[in-house]
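Protein chains in written order, with my numbering: chain A, 324 to 434; chain B, 207 to 321.
Treat the hints with care, since some could be wrong.
[What the hints assert, rightly or not] Straight-line alpha carbon distances no greater than 20 Å define the calculated EDC-like cross-link-like pairs of lysine to aspartate or glutamate that follow:
| no. | chain 1 | residue 1 | chain 2 | residue 2 |
| --- | --- | --- | --- | --- |
| 1 | B | 228 | A | 406 |
| 2 | B | 246 | A | 361 |
| 3 | B | 246 | A | 364 |
| 4 | B | 247 | B | 290 |
| 5 | B | 244 | A | 364 |
| 6 | B | 247 | A | 421 |
| 7 | B | 215 | A | 377 |
| 8 | B | 246 | A | 338 |
| 9 | A | 433 | A | 338 |
| 10 | B | 247 | A | 406 |
| 11 | B | 215 | A | 361 |
| 12 | B | 247 | A | 361 |
| 13 | B | 224 | B | 291 |
| 14 | B | 228 | B | 209 |
| 15 | A | 374 | A | 394 |
| 16 | B | 259 | B | 302 |
| 17 | B | 244 | A | 361 |
| 18 | B | 228 | B | 258 |
Quick caveat, the hints were computed from the structure, so don't treat them as lab data.
Listed below are the residues making up each chain.
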Amino acid sequence: GQQLNQSPQSMFIQEGEDVSMNCTSSSIFNTWLWYKQDPGEGPVLLIALYKAGELTSNGRLTAQFGITRKDSFLNISASIPSDVGIYFCAGQSYNNNDMRFGAGTRLTVKP
Amino acid sequence: DTEVTQTPKHLVMGMTNKKSLKCEQHMGHRAMYWYKQKAKKPPELMFVYSYEKLSINESVPSRFSPECPNSSLLNLHLHALQPEDSALYLCASSQEWGYRGKGYTFGSGTRLTVV
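Generate the whole structure from the sequences, applying the supplied hints.
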């Protein structure tokens, strides 16, 4: 099946720092999505990307759909304590309707 | 209404019990999903319902039995579970299965503990 490799696995940063995480795949995706999950809750969609090269922002979050359609990154600028959580990338292709998740990046923000 | 509602939030059951998890959405979505999530792992797809028909069963053991009574409701019936089935069970919905829309909307999950 399609494998998503997400890195880093975890990050410990100081409040105010910028954060970057990425996902790569061995095969092409038509849609890349980034979710955040807080403890005891379901994942919440942050950003959806539909076109190769697309760069989309949502407040302090910016994500890009890689030109090769096999990768995506998420940047968080000026992190704050409420950014703490697990960030998942997810990919979806037209050949396989399912949405598959990366392993997640656990973010800790120190005040 | 832009939510997926799951009940109960927590469930403890014995290995001989029968219980059901419920999921409801009123967004007019025609695809609904069950995911299982173990601690520190990503959600894993279990079942996909599209237009109230089971479209995907990811080789899930028969002790998990899904049901979609109508387009707004999704149930997961549990019977003779094992302790290793303890996990967070997430329900999600989307406009259509595979639709290039706004991704999936997830519920808050049911935290299941099998004793």
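Practice problem: Starting from the hint list further up, note which numbers the structure goes against and sort them upward. | Solution: 1, 7, 8
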